[in-house]
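Trainee: Take the sequence shown: its position 89, counted from the start at 1, is 88 in numbering that gives the first Met the number 0, and no numbers get skipped.
No lab work stands behind these hints, which were simulated from the structure alone.
Hints may contain errors.
[What the hints assert, rightly or not] Straight-line distance between alpha carbons at most 27 Å, and here's what the computed DSS-like set of lysine-lysine pairs gives:
1) LYS75 - LYS133
2) LYS127 - LYS87
3) LYS87 - LYS166
4) LYS75 - LYS147
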Amino acid sequence: MKSRGTTFLVVAILLIVLIKVLHVNTSYCNSTVSTNVSSSWSSWNNSNASTESIRNPASSIPVVVIYKSKIIGDIKSPAPVRIDISDKNIGSLWVPLFKTSSFSFSVDCKSTPKLAEAQGVATVVEGKINISGKYSLIGWCSSEAADKLVVENIMNRIYDEAKTNIKSFSK
Numbered sequence: 000m001k002s003r004g005t006t007f008l009v010v011a012i013l014l015i016v017l018i019k020v021l022h023v024n025t026s027y028c029n030s031t032v033s034t035n036v037s038s039s040w041s042s043w044n045n046s047n048a049s050t051e052s053i054r055n056p057a058s059s060i061p062v063v064v065i066y067k068s069k070i071i072g073d074i075k076s077p078a079p080v081r082i083d084i085s086d087k088n089i090g091s092l093w094v095p096l097f098k099t100s101s102f103s104f105s106v107d108c109k110s111t112p113k114l115a116e117a118q119g120v121a122t123v124v125e126g127k128i129n130i131s132g133k134y135s136l137i138g139w140c141s142s143e144a145a146d147k148l149v150v151e152n153i154m155n156r157i158y159d160e161a162k163t164n165i166k167s168f169s170k
């Protein structure tokens with residue numbers, strides 16, 4: 000009886016290791032991810048001593064969201080608002096079979112236009128985004144698949160919140 004339990008445990012561990020090492024995509028999981036986002040923003044005009052007055056509308060301010068090696072947003076745009084959430088604790092997405100956690104954090108955002116390029120008046124926006132939520136992934140779900148479900152959801156919500164609020168200053 001004891002050897003059957005040990006054999007089952009060894010086989011289960013080997014399967015998990017093989018799936019992790021070989022990056023086998025065996026995602027058979029029931030997933031629930033929910034996020035709540037709120038933010039507060041302000042803007043002002045920053046001018047240099049140039050005689051020209053060129054407006055830099057807030058709607059043209061690019062945004063990128065970074066989490067470790069993942070980057071989403073206006074990637075090829077110069078001088079984007081960088082929102083780096085790499086140091087935020089999202090939870091243990093590597094746990095096999097049952098991944099569940101909640102998260103809550105704030106991130107500060109600020110555009111920093113280069114006044115030498117702006118020549119005149121540049122719009123500066125500053126904000127704070129608060130995001131909280133929870134997720135539950137039950138079943139065979141690799142850490143890569145879990146990462147895609149949870150982290151990309153959070154990154155997209157932050158990006159959408161930042162872009163929506165930045166565009167509101169152009170009205």
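Trainee: All hints, please: hold or fail.
Mentor: Now the hints, each set against the structure:
Only pairs whose Cα atoms come within 27 Å are accepted, and LYS75 paired with LYS133 is rejected, the gap being roughly 31 Å. Straight-line distance between C-alpha atoms of LYS127 and LYS87 comes to about 15 Å, which keeps the hinted pair within the 27 Å bound. At most 27 Å may separate the alpha-carbon atoms for a hinted pair to count; LYS87 and LYS166 meet this at roughly 26 Å. For the proposed pair LYS75 and LYS147, the alpha carbon gap of about 22 Å is at most 27 Å, so the pair holds.
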